[in-house]
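Q: Residue numbers (the working numbering), protein chains in the order written: chain A, 1 to 342; chain B, 343 to 684; chain C, 685 to 1026; chain D, 1027 to 1368.
These are calculated hints, taken from the structure and not from any lab test. If you're wondering where the values come from, they're calculated on a predicted model, not measured in any experiment. Among the hints, a few may not be true.
To be verified - Taking CB as the label site, the calculated pair distances span:
id	chain 1	residue 1	chain 2	residue 2	range
1	D	1228	C	763	53 to 61 Å
2	C	833	D	1361	40 to 48 Å
3	C	1019	B	621	28 to 36 Å
4	A	18	C	753	49 to 57 Å
5	C	912	A	246	57 to 65 Å
6	D	1344	C	797	47 to 55 Å
7	C	830	B	487	31 to 39 Å
8	A	312	D	1228	35 to 43 Å
9	D	1361	C	1019	53 to 61 Å
10	A	53	B	621	50 to 58 Å
11	C	830	B	464	53 to 61 Å
12	C	763	B	464	17 to 25 Å
As the list claims (entries may be wrong) - Only part of the chain B face toward chain C is listed, based on derived beta-carbon distances under 7 Å:
id	residue
13	352
14	383
15	385
16	397
17	400
18	479
19	480
20	510
21	522
22	534
23	554
24	559
To be verified - Calculated pairs, EDC-like style, for lysine to aspartate or glutamate (alpha carbon to alpha carbon, straight line, at most 20 Å):
id	chain 1	residue 1	chain 2	residue 2
25	B	411	C	864
26	A	306	A	180
27	C	886	C	864
28	B	538	C	792
29	D	1145	D	1171
30	D	1228	D	1243
31	B	404	B	652
32	D	1147	D	1329
33	C	803	C	1006
34	A	78	A	56
35	C	746	C	779
36	A	87	A	32
37	C	861	C	779
38	D	1203	D	1138
39	C	880	B	481
40	C	990	C	792
Ideal Cβ placement from N, Cα and C applies to all residues, glycine included.
Given next are the chains, with one letter for each unit.
Protein chains: 4
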Amino acid sequence: MILLLKRQCQLQQIQALVSRLEFMGFTTAIIEQGSHPAIAILSGLEGDVMTEHFIEFPEVEKVLPFTNKYKLVGRDVKNTKTVINIKGVEIGGKDLAIMAGPCAIESEQQIDSIAEAVKAKGANILRGGAFKPRTSPYDFQGLGESGLRFLQEAAQRHGLLCVSEVMDVNDVACAEKYVDILQIGSRNMHNFALLKAVGRSKRPVLLKRGLCATYHEFLLAAEYIMSEGNPNVIFCERGIRTFETYTRNTLDLAAVPVIQALSHLPIIVDPSHGTGIRHLVAPMATAAIALKADGLMVEVHTDPDKSLSDAKQTISPAMFGELMQTVNAIHAVCGSAQCAVE
Amino acid sequence: MILLLKRQCQLQQIQALVSRLEFMGFTTAIIEQGSHPAIAILSGLEGDVMTEHFIEFPEVEKVLPFTNKYKLVGRDVKNTKTVINIKGVEIGGKDLAIMAGPCAIESEQQIDSIAEAVKAKGANILRGGAFKPRTSPYDFQGLGESGLRFLQEAAQRHGLLCVSEVMDVNDVACAEKYVDILQIGSRNMHNFALLKAVGRSKRPVLLKRGLCATYHEFLLAAEYIMSEGNPNVIFCERGIRTFETYTRNTLDLAAVPVIQALSHLPIIVDPSHGTGIRHLVAPMATAAIALKADGLMVEVHTDPDKSLSDAKQTISPAMFGELMQTVNAIHAVCGSAQCAVE
Amino acid sequence: MILLLKRQCQLQQIQALVSRLEFMGFTTAIIEQGSHPAIAILSGLEGDVMTEHFIEFPEVEKVLPFTNKYKLVGRDVKNTKTVINIKGVEIGGKDLAIMAGPCAIESEQQIDSIAEAVKAKGANILRGGAFKPRTSPYDFQGLGESGLRFLQEAAQRHGLLCVSEVMDVNDVACAEKYVDILQIGSRNMHNFALLKAVGRSKRPVLLKRGLCATYHEFLLAAEYIMSEGNPNVIFCERGIRTFETYTRNTLDLAAVPVIQALSHLPIIVDPSHGTGIRHLVAPMATAAIALKADGLMVEVHTDPDKSLSDAKQTISPAMFGELMQTVNAIHAVCGSAQCAVE
Amino acid sequence: MILLLKRQCQLQQIQALVSRLEFMGFTTAIIEQGSHPAIAILSGLEGDVMTEHFIEFPEVEKVLPFTNKYKLVGRDVKNTKTVINIKGVEIGGKDLAIMAGPCAIESEQQIDSIAEAVKAKGANILRGGAFKPRTSPYDFQGLGESGLRFLQEAAQRHGLLCVSEVMDVNDVACAEKYVDILQIGSRNMHNFALLKAVGRSKRPVLLKRGLCATYHEFLLAAEYIMSEGNPNVIFCERGIRTFETYTRNTLDLAAVPVIQALSHLPIIVDPSHGTGIRHLVAPMATAAIALKADGLMVEVHTDPDKSLSDAKQTISPAMFGELMQTVNAIHAVCGSAQCAVE
């Protein structure tokens, strides 16, 4: 249920109403609805709660039912696209969020030289894994907190933001100290405890689509994060699992226009995991931008073949530079998704 | 096995050698290898046939083993991209092959008005089904031969080529009289008898990817056609079946760079069947062209909602016109796949 | 639409009514509905045909709408299970239909010795491919008509029925002369021209599920065959294509109870193609019989490792003998699906 | 690397050697290899560690390389099947582990009456969810710790063991106090932090297959648990996600013989989630037992239609009773997998 508030309502009044509703046992979230402020009632509606209970509050103009299962992530709740501003870098706006870097942070020197290289070619966010989800317990599991420190220092030194994956509820507090964006990996898209934990963080969250998650489940995973109070979620399409084995995954680019039609949140594309093959990274990145994706996540390494993980899908700074040229040319023609919404 | 012939060999000499080889029990095909003429030995190599048997022919410069399972469709057999010229329209060259029209031919008037509309917006090939593959035997099955006649007349009247699907070996001879390109639908990609039948035709063949066909199987289906003597095959990526049900299929755009890397044949994309949703057709078409696809196949109807089949994925001439504008803008930036190969 | 006829209607009256309806432009089929004779109107109902048009015929007791898309294969059209009697062997009844033999007929001697072996172990139907659907045009394509003759002679010599695949509309007439059951392979489940062709045959049809066909599509493929007049269709679950690559396919055993709940036609299981791995054939066959499948199709070769195709999934007569022992023990406990329906 | 120890080695000697190896920086596990005790070196082997370093220890008879990626779960590491004994109930032995109960624990009374009912029909382990993984954050999330207490009390009152899912690393300590078996749900099969956490528990772990996990990934998830020291892992096949939407999932019964061939650990089957349809639960349970699965997990509710979650796939105690009769009849014929291994 959505309480559409009168247009002139002040933030203070809204917050007072929220307090009263929470005291009555409802879970709520402050949202916007068209040009009106509004409050979404997320739970507590079981039993005989009626529209009449709410319409009597003087701040409330109208009571609207939820028209779908997305109370917070849906387009019907918020018409304008969400733009996430992190230290001046806007994600979901006119510019592209270009996240680039190695699969795993291997050493202080490695991450620094890669940071320098990707910055030079046009990246604005440095990626790098410190906690690595590995199918086998005997594969390299990442450098942990010291890796995060190397990442942060390299990013700051070269004027980049940084993003890294958290795999465990107990790593969130640690990761928050170092990174600008917390990443939830594909294998954890259904890890509801972790989704809630990052939902309580102040950091924006990059949410990767699960290996076999439908669009509906992808949106509801974001709903988990938002329902805990974190409004800054960035979707990332990174390929789904199909019968085709030539590519590592099948990059489902239709996710870009579908998610942008269903949700106000930004979506980026990861062509590295989405294909698993070096020579497909640039073409698929280009196609993603032609689809008005809000950005890219690309695995780049100064010596791709010696990369400790994902070597086959990792590109060199030179290849990344060429990719950025085509991407920028396409972006100039197609623009961002901002306009597509109207 | 490939017999690389001496560069100065004349067509007459090559044909004489082919006759001799066929007389000896081998199946062969004349191919090109780099700048050399060459003959592929397709079968008859069982038992103790040795390289020495061939090297003695004076026309033969070198005997090469097949390096993979694609004897005719593979890049290693022919380095230059195949350009199919049909009455002046080139498929696989610098320009785009834009096939547009209704799912099914419904009447003489319907196909004529659609032909006029799509021609005006930039299509060069008219599509329309006369024999319809329908999951249920009780659904509309198409107008048959009279439909093909309406298609041909509409195409000629408006200066378009035309393409239509054949579903049965016994329909090939009939269809050849009317259409410029024979289409093999997804459901028949593994219908080997039909593949061989169109392989014996003089008409180019548009081969749609099967619902759950791997790239490897897709290439081998083209190999079936080529091994019967028809060198003009056009691949068409049209979506695969996955767990996602929001879209009708998952359009696997990575097929474009993958097939272009493995084969010298052109590939186009069908975003209508690939998504099944009207508002996704234009974005996915744009992405396909950004990936240097050689063309598009799009379902267009002057009254989409009244389309006898596939109404949900069919767009109006106006939407098609907008699509073409973006597609042309992207094509101007990205160019065709010609250059990508070097 | 179903015309429920009066119980006392004689066959002659029913046939006269059918003639009249067909003359009026309807396509029809004689079916049974509970204990009543009935006529299904398959097509011709477009426009303003009304229930009243039919209720006036004196033979008609009631006009029923179709409750689903299966006019002929559905349980709601015919409550009692279809039992197909071929020269005394009943398929769909109390006994099991055990189809065994090589993937491909390789020689007269080979098929004869396998026929002898599988008969001795309890098979009642000999399988063997004469027209082979091969992914590559360069793989062994089968012996053709002479293979069918070897198959028929071996079957007759050892007191077995025989079944073989047809791949082309033009092969049906030839195959009918030799085999008791015409098989439609997975790759042709959507080959509607072929489905119609075997629908006009007098021979029962073994219909294999397509690689990525849903239950709904599987049922409608049988509907295609039945709508042409052939009431004797046997379903065969043979595995679907999924992301798992360890097994050749994922054998979807739930198809057995699902299809038996939705249709009155028998269903058997092919654990050889369903798994692709020799040591899984017997366990999965056992599970199929525990699920009350009406039979099995198993690839058996006297020298499995030298089998010209499908060697990895082919078992020896000795393994087949052990399989039959367990299968018979399970069948004695579980019984056939006959009872399950009530 | 595996250090095969001399047959006469005493446990004390082995433990002393382990301490030394761990002091040297290796991670190890005590395993058995044929009839020999052995120590697996799990990590620390990077760099220039050589076979010679180990062969000098007097306890070591031979140094073996790992032949595959499963250092602890594989058949090659341990030939005899693992039997997990929990308070007298053996899982992986001759008897079946029958886990039955509601999807979610709803109240003290509900779980008690279901416990009584399933015990009477032959279950030996009570299931019930206290922490529920729900796709939407607004669905019922379970009773938490008080649910676990109700579960434990109901189980003890009726002479049953109990199993419940943990979703968060931080819930493991709490759950251990109440349940006999910790369950890892499908959505967490790739939650490596959680796998490690239950790997450090003394409780056996029921590991459900991920929605799109391959057998290989399934085995490696168990490897994660075992590599932390917990040898008692029970696999559970519960259906995979495919294109088929009629059933909730596609129950991949081939997993039973495949996993039993590759691993010494027991495997059970969940036909409730595996099909999502009430009338398919009993047939698929029967098939699983015909395949020598080591047990079942079935959703049972005294009032299935009022079940707070998974109502459609939940069966009544009466249906469960009939299921058990068939299952026991089949088990009497087929026996357990013990013998199958020889």
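Q: For each hint, tell me whether it holds in the structure or not.
A: Results for each hint:
1. D/1228 <-> C/763: 53 to 61 Å: holds, 56 Å
2. C/833 <-> D/1361: 40 to 48 Å: holds, 45 Å
3. C/1019 <-> B/621: 28 to 36 Å: Distance hint for residue 1019 of chain C, residue 621 of chain B is violated at roughly 54 Å.
4. A/18 <-> C/753: 49 to 57 Å: At 51 Å between Cβs, range holds.
5. C/912 <-> A/246: 57 to 65 Å: violated, 39 Å
6. D/1344 <-> C/797: 47 to 55 Å: Holds: the Cβ-Cβ distance is about 52 Å, inside 47 to 55 Å.
7. C/830 <-> B/487: 31 to 39 Å: About 36 Å separates the Cβ atoms of residue 830 of chain C and residue 487 of chain B, which means 31 to 39 Å holds.
8. A/312 <-> D/1228: 35 to 43 Å: holds, 41 Å
9. D/1361 <-> C/1019: 53 to 61 Å: violated, 20 Å
10. A/53 <-> B/621: 50 to 58 Å: violated, 38 Å
11. C/830 <-> B/464: 53 to 61 Å: Taking Cβ atoms as reference, residue 830 of chain C and residue 464 of chain B lie about 55 Å apart, which means the hint holds.
12. C/763 <-> B/464: 17 to 25 Å: violated, 57 Å
13. 352: violated, 29 Å
14. 383: Not OK, violated: residue 383 of chain B not within 7 Å of chain C, min 10 Å.
15. 385: holds, 6 Å
16. 397: Nearest chain C Cβ about 22 Å off; hint violated.
17. 400: For residue 400 of chain B, the interface hint is violated, since the closest Cβ of chain C sits about 28 Å away, which is over 7 Å.
18. 479: holds, 4 Å
19. 480: holds, 6 Å
20. 510: Nearest chain C Cβ about 4 Å off; hint holds.
21. 522: violated, 22 Å
22. 534: holds, 6 Å
23. 554: Nearest chain C Cβ about 4 Å off; hint holds.
24. 559: holds, 6 Å
25. B/411 <-> C/864: violated, 36 Å
26. A/306 <-> A/180: violated, 28 Å
27. C/886 <-> C/864: Within the cut-off at roughly 10 Å; holds.
28. B/538 <-> C/792: violated, 28 Å
29. D/1145 <-> D/1171: Violated, at roughly 23 Å.
30. D/1228 <-> D/1243: violated, 23 Å
31. B/404 <-> B/652: violated, 53 Å
32. D/1147 <-> D/1329: holds, 16 Å
33. C/803 <-> C/1006: Status holds; Cα separation ~14 Å.
34. A/78 <-> A/56: Violated. Residue 78 of chain A to residue 56 of chain A sits at ~24 Å, over the 20 Å cutoff.
35. C/746 <-> C/779: Violated - the C-alpha atoms of residue 779 of chain C and residue 746 of chain C are around 37 Å apart, more than 20 Å.
36. A/87 <-> A/32: violated, 24 Å
37. C/861 <-> C/779: Violated. Residue 861 of chain C to residue 779 of chain C sits at ~26 Å, over the 20 Å cutoff.
38. D/1203 <-> D/1138: At roughly 19 Å apart (the allowed maximum being 20 Å), residue 1138 of chain D and residue 1203 of chain D satisfy the hint.
39. C/880 <-> B/481: Measuring from Cα to Cα gives roughly 14 Å; hence the hint holds.
40. C/990 <-> C/792: With a Cα-Cα distance of about 16 Å, the restraint between residue 990 of chain C and residue 792 of chain C holds, given a limit of 20 Å.
Going down the numbered hints, you'll see the structure goes against 3, 5, 9, 10, 12, 13, 14, 16, 17, 21, 25, 26, 28, 29, 30, 31, 34, 35, 36 and 37, while the others check out.
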